[in-house]
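Residue numbers (full-length UniProt numbering), protein chains in the order written: chain V, 1 to 653; chain H, 1 to 653.
Keep in mind that the hints were calculated from the coordinates and are not lab data. Take every hint as true, because none was put in to throw you off.
Chain copies aren't distinguished; within one or between two, either way the pair holds.
BS3-like cross-link-like pairs, simulated, lysine-lysine; straight-line CA separation at most 27 Å: (1) K550 x K31; (2) K591 x K489; (3) K356 x K51; (4) K356 x K31; (5) K356 x K392; (6) K583 x K392; (7) K51 x K548; (8) K41 x K591; (9) K489 x K583; (10) K489 x K20; (11) K27 x K489; (12) K489 x K356; (13) K260 x K583; (14) K31 x K548; (15) K583 x K550; (16) K448 x K582.
All of these numbers come straight from a predicted model, not from anything done at the bench.
2 protein chains.
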Amino acid sequence: MGNTEYEIQQRFEVQVPPTKPFFHTLKSSLKETFFPDDPFKQFKKQPISRKFLLGLQYFVPILEWAPRYTFEFFKADFIAGITIASLAVPQGISYAGLASLPPVMGLYSSFVPPLIYAMLGSSKDLAVGTVAVPSLLITSMLGKEVNPHQNTKLYVQLVLATTFFAGVFQAALGLLRLGFIVDFLSHATIVGFMGGAATVVCLQQLKGILGLVHFTHGADLVSVIKSVFTQIHLWRWESGVLGCCFLFFLFITRYFSRRKPVFFWISALAPLTSVILGSLLVYFTHAEKHGVEIIGHLKKGLNPPSLSELETSFGSTHLMTAIKTGIITGVIALAEGIAVGRSFAIFKSYHIDGNKEMIAIGMMNIAGSCTSCYLTTGPFSRTAVNFNAGCKTAVSNIVMATAVMITLLFLTPLFYYTPIVVLSAIIMAAMITLIDYEAAIHLWAVDKFDFVVCISAYVGVVFGSVETGLVIAVAISLLRILLFVARPKTSVMGSISNSTTYRSIEQYPKANSVPGILILHINAPVYFANASYLRERISRWIDEEEDKLKISAKNDLQYVILDMSAVGNIDTSGISMLEELKKTIDRRCIKLVLANPGGEVMKKLDKSKFIDTVGQEWIYLTVGEAVDACNFMLQTCKPKTKAVESEAADDKV
Amino acid sequence: MGNTEYEIQQRFEVQVPPTKPFFHTLKSSLKETFFPDDPFKQFKKQPISRKFLLGLQYFVPILEWAPRYTFEFFKADFIAGITIASLAVPQGISYAGLASLPPVMGLYSSFVPPLIYAMLGSSKDLAVGTVAVPSLLITSMLGKEVNPHQNTKLYVQLVLATTFFAGVFQAALGLLRLGFIVDFLSHATIVGFMGGAATVVCLQQLKGILGLVHFTHGADLVSVIKSVFTQIHLWRWESGVLGCCFLFFLFITRYFSRRKPVFFWISALAPLTSVILGSLLVYFTHAEKHGVEIIGHLKKGLNPPSLSELETSFGSTHLMTAIKTGIITGVIALAEGIAVGRSFAIFKSYHIDGNKEMIAIGMMNIAGSCTSCYLTTGPFSRTAVNFNAGCKTAVSNIVMATAVMITLLFLTPLFYYTPIVVLSAIIMAAMITLIDYEAAIHLWAVDKFDFVVCISAYVGVVFGSVETGLVIAVAISLLRILLFVARPKTSVMGSISNSTTYRSIEQYPKANSVPGILILHINAPVYFANASYLRERISRWIDEEEDKLKISAKNDLQYVILDMSAVGNIDTSGISMLEELKKTIDRRCIKLVLANPGGEVMKKLDKSKFIDTVGQEWIYLTVGEAVDACNFMLQTCKPKTKAVESEAADDKV
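If we strip away everything but chain V, and leave its shape as in the complex, we get (with noise of 0.2 Å):
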């Protein structure tokens, strides 16, 4: 390694980033946290009317794309909305039993909220409906203070409120940009959460499926276990056989569509058929005589306002309880829907905002909730039948709650033989494809810690309840990323093939280590979580590399240059480590060297005057260059060096 060559590499120095305003740095930083997705850029440098036209548009998207709608469009949209109609009036009545509500407020839910979705909402493929597992949670949290079967209003009204929290909490969300908190739920955690809330579901529906009246109010596995297997005496025979039946109806056409994509059909009003054939059945047979219960008389007529109830609803000592559900619902019902509308929107490559889809969701509970609609949002199963019916835009929305409100004005009496028992085999059916073990298995493959989170969620819903399972996995996760940054991963790097390039000697076992230089790359910030830790490592690296010098009885380590390539960030605690570091490491006349710290770094670098105190000769552009410079002085110096450590070795005594 000659003089010049080190010399011309030498030519470029680490530069500290050019110092800008603090405000500007502050705004650009809060610009990047909750504006990541630059909504203004289209507002730029237009005329004031086109900017209103613009924000209207952009709050209420039909404006936008009403005006290109066609025939042809409107042909798909009719087909795909009859369809999801089919699914949404047996789905509808089934969850609102299981949300504890009377049957018609299934049915109001899909009918004004679709409406206010497709004027709002920005997603082409979403189809609005009411979800299992909200529902669920809105019969086990406020079921815990009111009696939904006792108390019947009230427990409505808490609905409504819940209702109307969970909408305004959504649109807040979407209005304060802060729809990242939805993004703290890992795919890992809705994996083992949607599993866990699917398991307990079918849980309940073994009340429906084996006929029995009483049952308990708990949601986990325990609880029902128990509720089940003590009742065995009341068990209703009847009930069972026409459940199972149901069931195997339900999975072999699931099982047809999964085959063939183009009979999707088939699945999706599997359900509807169901609905009538159980009706007929009992109809003709008087089955609800034997044992088998029925749905009975559904109140005719379009959605009753509610804003009354909502009213009395505020008063009540259980607000707080109504609030607390409505923001957990809500954050759950949103992260389904947003889920959902990005998916489909990734498949037919547009793009979806997701703060204004929050505001869309959000609007669409709030009005909902005045007209006696529980909590909706944006279902997977539903929307998967809506886009492979060929949905083109929301128009399908609008003409399925056509399609329910006619069922609501003209139809409701022919429910009134519908046997629960087919409600719960549609839900049971639904619910088991969410246990998604095929997921858990690919967690398990990838990442180990993602299925922890994973299988935590689950045990944490099925043993515990929703909300413990999932703080339980939404803890793990955040732990994860403080262990990440609090125990970062330090690697030893060599040479690839005697190049310039430098790589981590774990992940490529041939890469050759440098005598008397000890190359280290960090692997996250430098921050007081880790700052300790890393100044422990670093000791351990340097002694083990002394020790393994010693025995092989090489040259003394001189130099320890620090990779900065990773360390994205510093804060005080890091600086002193590295200072702290500095002093110890010059005491066993060490040189220390860093390589390649990035903008942020060097700004903190610079302003706490590091810099200085390392020296900006000792500050190199890459690893290569450092480990140039370190050979170059260890072969033109070596005297030097030794004497200054005999030197050093004098103070010590």
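Once you have looked at the hints, place chain H on chain V.
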């Protein structure tokens, strides 16, 4: 860029690190988490008897260094020990007052714990004693439940229980290797927290200085100010004048010691001098009859055993509060003790094992709680005096304990006339140095976020309570880590002076971007918390780049290179994000290229088959190689790319 060069450089494939069995990985990551300092290293390859001896020496370090102890050392330790004793007596009495305890307990606490620490501790400089902030915390937390003046016996019992649980918690943290919890108190948190606590303690001293009899139990600024100014008519000018004189004396001596470090003893002896002067003054002028409160009778004799008191307290209804107080004060005392011990160890370049120190401090508090002592640790002021007085080993603690013992046995009557106002002045003078406004200014200059943490801790302590301040500061510190991961920095890279080194254009404004290729650097692990952000942000970079290219009518954007050097890890949400990203940019006819993914990332990309999706041939060891390959493709395959693009365009229509 010729074909040959491209092929030569492409030789080295990015490798998936060699797979290790699951339990091996688990073991090594648990080891890194809990045993980063490798404490078992010295035990390796030793016979059992030697292992036993080493183990004993590990837990009782005095066995290790006592045999090497010399008379030379003792001379130094004796002088240091006498010096710190002269500080320990007045400070002990003062801080006991701060904790609302009988003054003599402060002396007890400087007798037993230092002896225990001398045997178990590994620091050569730490001087053991009580500290102001935990003393204040004890008053404010326990005082809420039990009035220390009306129910002294119960209060003392609870303080002993608090000390016991603090000791148990400290020792448990050490034994369970959970010492890193202390690391979560960042430098900035401690600066703000200490400053706030010092402010609060100073405010409390207004009671003594102004000679007030009734005073608020609140520790916050508002209630203290209110308490002081509603009692203006009760202020005693004699007390005030005396207090100001002593404060002035203490400050002037400190000023001299600061000017010339050789005169450290002037400031070290000042508190004892003040006590003697104050006592003499009161004795001769009978000022106690003119509004100057005095200590009064101090019990003679050594520490009485307090096991039975401790036992009684375990049956108390306030036990939970004692446990809570113990844990909080225990952590704070630990943080101070360890930080102090470590700082001086670095000065003298020896090593301190944090977990071992925790066990030592914990044991000394457990022993203390059985012998009428309250919470002790290694206070900064006393340790600094010890260090300056030239202590060599922990024997200086034994000398101090002996001096305190003599005081307890024979000299307590001398403190009868000591005015309380002198003690207040001693506390105030000690506390004011803890308000480290220079450090706060430094934080502002170096790291704004740390400044926010520091100020929040300060404001929280001063206007809320000590716990509030601590919780807020820790929460903000953790939020910072989460924000770092949730909003990672992405930046465009360019080549440095046309070499193969690529760096962020933000840091090196002169770096040249490469036409047709967008190189993006990601600065943090790709986790669930940032997956959607990164998707949005990368799309925005691509949009902006395309807009720029459109305006300049240059080549289309053909390649996006993601520099993964700083991506320390990835989880399954992150992998899904990359998959979606690839789909999205594939549709835009842009090729995704990865550069330098690390070991962990490669492992997971491999297991999730994402490597196959991207193609191993599109993953490069360095950004330089990736750019060369893309440039090579741009020059040779242009027509083909264009064809693909127009095909895709057809597809879209």
